[in-house]
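Using the hints provided, position chain B relative to the given structure of chain A.
Chain by chain, the residues run as shown.
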Amino acid sequence: MTMKNPFMLIATAISAAFFCVLVGILFFTFKDEPRNSRFSTDFTLVNDKGEPVDQSIFKGNPSLVYFGYTHCPEVCPTTLFEVAGYLNQLGEEGAPIKSYLFTVDPERDTPEIMKGYVTAFSDRITGVTGTPEEMKRVIAGWRAFAEKVPNKSGGYSMSHTMDLFLIGADGRLKGLIPYGADQDDAIEKIRSRLL
Amino acid sequence: MFIRNIATYAVLGSLIAFGSAQAHEFKLGEIEIGHPYSRAMLPMAKVGGGYFKITNNGPADRLVRITSDRAGSVELHEMKMNGAVMQMRELEAGIAIPANTTVELKPGGYHLMFMDVPQPFKEGEMIKATLVFEKAGSVDVEFAVGPVAADKSKDAHAEHGK
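Here the protein sequences come in this chain order: A and B. In case it helps, UniProt numbering puts the first sequence at residues 1 to 195. In case it helps, UniProt numbering puts the second sequence at residues 1 to 162.
This is chain A alone, in the form it adopts within the complex (with noise of 0.2 Å):
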């Protein structure tokens, strides 16, 4: 194509570059954070009461949910702390939120260890195990990530995603907290994504 025209020639320069700047936002948008990933995975597992559950649990309000075990001595107690402080921090406003402890560990964590050891941090968090089959498919369906680790004694320690997940009303992933997060920085998250 030749250029007969100068003003041709910077006009496409600039579409070209206005174009590449908007996919390079696009992107950067969705690349940020898994956002809006849609879980469709069936499973059937108990809470910390005994009574079944499933994935309509993800459904109808927005939650927070946390993949962690209770034989995990620093990361699962300080996020479940956190969690609650959120809670207790939003007050009125988070009364739609429901947060979940699901066990990365549901061979040794039974409905009343749960139950105990949630109880702890909040009447508001509700822990979920079952068996570790479908347990598996709640973690893969949400692209989280856990694994037995073995030791010599025969027991073993669970290496497991760190993040707390927020999913939306609609059952949709709408962000992460990564350990550690700055509580108002957590918070001003929570409000902006599911409230």
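Hints were generated in silico from the structure; no laboratory data involved. Treat the hints with caution; some may be incorrect.
Simulated crosslink set (BS3-like; lysine-lysine; CA at most 25 Å straight-line) [what the hints assert, rightly or not]:
1. A:K152 - B:K128
2. A:K98 - A:K189
3. B:K106 - A:K115
4. B:K80 - B:K46
5. B:K80 - B:K53
6. A:K115 - A:K152
7. A:K49 - B:K80
8. A:K148 - B:K80
9. A:K152 - B:K135
10. B:K122 - A:K152
11. B:K80 - A:K136
Showing chain B alone in chain A's frame:
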């Protein structure tokens, strides 16, 4: 952000620690064990962490084993953050303590795990344990139990002087 928080808590923690003069230490030849501490465990929790500082003024050694009457077993673990994933692994060969160095067992790094604890640790308790070194031998220590993990507001143990 995480680092900044840790730094803040470390500064706050050390202020409180010095203020209340809770630091304690144990000696085994050229090895000093600075302020062993643990944290109150939650109801139904079966494990607790243990942290301390090892200052070695002598030749290279290795922390190989820990025992405690309060736990079924005590393991040496390393925690690592790999992106958003927390990774735990057992240090089967123990922890190397090179000559004339300080090695710290702390949250987010090397630590002890008290496993199968029948009676959860309570804040204010002292937990007796024995540390066994490959060369220096064994030493009895006491872990001071502080507040539960997340209660950073009154965490006197984030950082501690010897």
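Status of each hint after checking the structure:
Under the criterion of a C-alpha separation no larger than 25 Å, the hint pairing K152 (chain A) with K128 (chain B) is consistent with the structure, at around 24 Å. At roughly 16 Å between alpha-carbon atoms, K98 (chain A) and K189 (chain A) fall within 25 Å of each other, so this suggested pair holds. Between K106 (chain B) and K115 (chain A) the alpha-carbon distance is near 29 Å, which puts this suggested pair outside the 25 Å criterion. For the hint linking K80 (chain B) to K46 (chain B), the alpha-carbon distance of about 21 Å falls within 25 Å, and the restraint holds.
Between K80 (chain B) and K53 (chain B) the CA atoms are separated by roughly 18 Å; this keeps the pair inside 25 Å, and the hint holds. Restraint check for K115 (chain A) and K152 (chain A): the C-alpha separation of about 30 Å exceeds 25 Å, so the hint is violated. For the given pair, K49 (chain A) sits about 33 Å from K80 (chain B) by alpha-carbon distance, which is inconsistent with the 25 Å threshold. Of the pairs offered as hints, the one joining K148 (chain A) and K80 (chain B) holds, with about 15 Å between alpha carbons and a cut-off of 25 Å not exceeded.
About 23 Å separates the Cα atoms of K152 (chain A) and K135 (chain B), which keeps this hinted pair within 25 Å; it holds. A threshold of 25 Å between alpha carbons decides the hint, and for K122 (chain B) with K152 (chain A) the separation of about 28 Å lies outside it, so the pair is violated. The suggested pairing of K80 (chain B) with K136 (chain A) holds, with an alpha-carbon distance near 23 Å, which does not exceed 25 Å.
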